[in-house]
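What follows is each chain in one-letter form.
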Amino acid sequence: MPDRRLSVVLRQAAPIPLDVEFSCEPGQVMAIFGPSGSGKTTILRAIAGLYRPEQAQVRSGGESWTDTSAGVFLPPHARTVGLVFQEYALFPHLSALGNVMTALGHRPRAERRHRAESLLRLVHLTKRMSSRPHELSGGERQRVALARALAREPAVLLLDEPFAAVDKAVRRRLQDEIDSLRRTLEIPLILVTHDFDDAVRLATHVLVVEHGRGVASGPMSVLTSRPDVAFLREAVGLGSVFDAVVTRVDAERGLAALSFGGGELFVPARAGMAGASVRVRIPAREVILAVGPPQGLSLHNVLVGSISAIQVEPTSDLVIVRIQVGDEFLLSEVTRDAVARLQLAVHQRVCALVKSVSIEVQQTSRA
Amino acid sequence: MRQRTFALSLLLIWLVFPSLPAAPQVARVAAAANLNFALSEIAERFAKDRGSRIELVFGSSATLTRQIRDGAPFELFLAADEEFPSQLAAAGLTRGAGVIYASGRLVLFAPTGSPLTVDERLTGLSRLVKERKVTRFAIANPALAPYGKAAEAVLRKHGLWDAIRPQLVMGDTITQAAQFATTGNAVGGLVAYSLVLGPGVAERGKYVVIPEADHPPLQQRMVLLKRAGDVASQFYAYIQAEAARAILRKHGYGVPQ
Amino acid sequence: MDWSALGVSLWLGAGTLVVLVPWGIWFGRLLAFRHFRGKLLVEALVTVPLVLPPTVLGFYLLVTFGARSPLGQAFQSIAGHSLPFSFAGLLLASALANVPFVVQPIQRGFEAIPRDVRDAAACCGLTPWQRFVRIEVPLAWPSILTAAILTFAHTLGEFGVVLMVGGNLPGETRTLSVAIYDRMQAFDDRSAGIMAATLLVIAVATLMVTTTLSRRVSRARA
Chain W
1 MPDRRLSVVL RQAAPIPLDV EFSCEPGQVM AIFGPSGSGK TTILRAIAGL
51 YRPEQAQVRS GGESWTDTSA GVFLPPHART VGLVFQEYAL FPHLSALGNV
101 MTALGHRPRA ERRHRAESLL RLVHLTKRMS SRPHELSGGE RQRVALARAL
151 AREPAVLLLD EPFAAVDKAV RRRLQDEIDS LRRTLEIPLI LVTHDFDDAV
201 RLATHVLVVE HGRGVASGPM SVLTSRPDVA FLREAVGLGS VFDAVVTRVD
251 AERGLAALSF GGGELFVPAR AGMAGASVRV RIPAREVILA VGPPQGLSLH
301 NVLVGSISAI QVEPTSDLVI VRIQVGDEFL LSEVTRDAVA RLQLAVHQRV
351 CALVKSVSIE VQQTSRA
Chain R
1 MRQRTFALSL LLIWLVFPSL PAAPQVARVA AAANLNFALS EIAERFAKDR
51 GSRIELVFGS SATLTRQIRD GAPFELFLAA DEEFPSQLAA AGLTRGAGVI
101 YASGRLVLFA PTGSPLTVDE RLTGLSRLVK ERKVTRFAIA NPALAPYGKA
151 AEAVLRKHGL WDAIRPQLVM GDTITQAAQF ATTGNAVGGL VAYSLVLGPG
201 VAERGKYVVI PEADHPPLQQ RMVLLKRAGD VASQFYAYIQ AEAARAILRK
251 HGYGVPQ
Chain B
1 MDWSALGVSL WLGAGTLVVL VPWGIWFGRL LAFRHFRGKL LVEALVTVPL
51 VLPPTVLGFY LLVTFGARSP LGQAFQSIAG HSLPFSFAGL LLASALANVP
101 FVVQPIQRGF EAIPRDVRDA AACCGLTPWQ RFVRIEVPLA WPSILTAAIL
151 TFAHTLGEFG VVLMVGGNLP GETRTLSVAI YDRMQAFDDR SAGIMAATLL
201 VIAVATLMVT TTLSRRVSRA RA
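Protein chains in written order, with the numbering used here: chain W, 1 to 367; chain R, 1 to 257; chain B, 1 to 222.
Bound-form chain W, shown alone (with noise of 0.2 Å):
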């Protein structure tokens, strides 16, 4: 299996400012989040080979696709990248099938057709192959631009903004299908989007630019605890994001059981949950601090950490307190008050109290 880790570095003053350096595995989803015009779109194009930077340095596992020190680019068609635009650039003057099929160049003529049928089947569009993009609905186009971004049997596939366009409905069925897309692909996968439950949804990985510039990189769960990033903060609502697996369900009491790398969690059942992975999201509003385990409340969740960080806003008079709980981390926001009170410091062990229904819990595969 050749080595398919993505590297990328990029540096520019102007016109358009660049600095970030990042890494992705095969099987990761690398999220690039960040403000509209920071630089995300640009980032995937000198990925993609349509965008020249004046230093970059763009390696997929041991070809290097672009690297300024040595003089060596390869234009995109010479590269193998499967890139979903923003609003598909489908071929209007050719049917879906034709569309598939463009992208099948390196394949012998006679596969060719074959090859752009099963392309369409795996992205579940069967029936309506030999219509042209103006006939198809916005979730249609999208996944005809994925089928011919996989045709390229690409070493990284990219994603820009998929899913902008498209209503929330719509949008589920095709983030489920991108998540059980990137189990079977094992290619690093880039998804560029300013929708942070987009990221939450799908990411591995999270990267953070702002003006072009990567302010803080990582995994989804390290990154989403760190109060520090100000444009995560505003944008997304300061939280804790982690995986967990449901490992009971108890219809009568109407309560699942989430298993994670802090404990056990409960939140209110929902069909189909047993067995399934999940990604968690707990909202540091909803997080509860107390010195000592609580008696006689109605919550189901109290879960025993030490306080790792205290961090005081400047502007108002919030305090974001990071608990770690076995291998995760919890944020809690309290007021300074609180803290006094309290008399919270770091290395403290705390009770970190949630209720099961302010816990965000996203389903990211079926039993």
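Check the hints yourself; a few may be wrong.
[To be verified] So these bits of chain B aren't anywhere near chain W, every CB distance computed over 10 Å:
(1) L40
(2) V63
(3) L199
[Unchecked claim] Footprint (simulated), chain W over chain B, 3 or more residues, beta carbon under 8 Å:
(4) 90–102
(5) 118–127
[To be verified] Taking beta-carbon pairs under 10 Å as the criterion, some of the chain B residues facing chain R (in silico):
(6) F33
(7) L45
(8) L62
(9) A67
(10) G72
(11) L83
(12) S86
(13) F87
(14) G167
(15) L169
(16) G171
(17) R174
(18) A186
Rather than coming from a laboratory, the hints here were simulated on the basis of the structure. Glycine included, each C-beta is placed from N, C-alpha and C at the ideal position.
Since the structure of chain W is already known, use the hints to place chains R and B on it.
Here is chains R and B on its own, set in the frame of chain W:
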């Protein structure tokens, strides 16, 4: 199916398009526009007698001279005066000085329904001018056509030039002037006698021949050009022979003795 | 009806197309996709024949290539005849006069292709030539067709330049439009009328063909 349509289109194109435009195997002759009817008839006669075709291109003497100087592939040039051929001879483009082949006359023409009455002394025209009833009067452009120059001389002689000048409409060629004069677009004009004698033109109105003394003589000279071929040389001689001279006389020209 | 004049007109139209359209595709595409200093000037130069009186073009061609000019004499020694007053000279004049009719529609046609679509073609593994042939030209095709038909129709209607540079030589530079003028001067209104009607019919038919073709193409494209 698509290949068949393509082949059919090619066949159609081949049928519709005659041969590629190129220099033909005939003599190309440039002639002053006043010879429009006379020379066409002579060329027809020549073709019947000698079996060779002549291609005639009519224009004003000035324009044709200019074209010849710019490289136009004519072999024989029949001008309406002597000045233009001598220019070409001076530029070394001719075979010798050529010969005078005819002398032309001017007529005053008034189309039917025009208020102009025609007479040799131009009294009718003078009266119209004095009464300011001249809408338009046609002559050839004196800078381009010798017949226009002669017309200007006639008008000056009768003291009408300055008064009638604003109403003058000047044709690029004498044939264009004749068009203006005979189609009712002007009260009349000073045009070539040979044109008025052409088929269907005389019936369009009334005319009178202007006395030769009223303008410098319209001695018309022709020259063979350097590149002239055999047919052109034969035609040059033919025009000076009796059959052609008779045709010229018929069309109102004087011919040299 | 002067059949040789009709032939000259048709050959001039076809010849102008053969000379201009391939170049127009290359140049129109260049103007559409590239940005360079002086591009505004180049685009203005392309438009010049539209606003220039045909006599100006005729004048400059005669002065530059006439038998009295060094270029003209050089041409004459190579080709054996002068450039003006030959079909070749006419073709040159026609090509120059039609530059805006060819370049501008084609340029718009290529400009209308979304940038993303071209980039997507590159990401599909198509080389620049393949992109050109399989994506760009098919999408710009209606404009290319329009440019060709406009040019052909415009060539049929050329008069001033043809008369000045061609000189009304029968069978070689006497186009139908010039023949009409020639016959009128010769008091032959009947011939002039037949030829004028013919030109009118050809012009209308040409435009009808364009409209139908471009409608059909855009329906297939849409």
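Hints, one by one, checked against the model:
no. : hint    : in the structure
1   : L40     : holds (20 Å)
2   : V63     : holds (47 Å)
3   : L199    : holds (36 Å)
4   : 90–102  : violated (count 0)
5   : 118–127 : holds (count 9)
6   : F33     : violated (30 Å)
7   : L45     : violated (26 Å)
8   : L62     : holds (6 Å)
9   : A67     : holds (3 Å)
10  : G72     : holds (6 Å)
11  : L83     : holds (8 Å)
12  : S86     : holds (8 Å)
13  : F87     : holds (4 Å)
14  : G167    : holds (5 Å)
15  : L169    : holds (6 Å)
16  : G171    : holds (5 Å)
17  : R174    : holds (8 Å)
18  : A186    : holds (5 Å)
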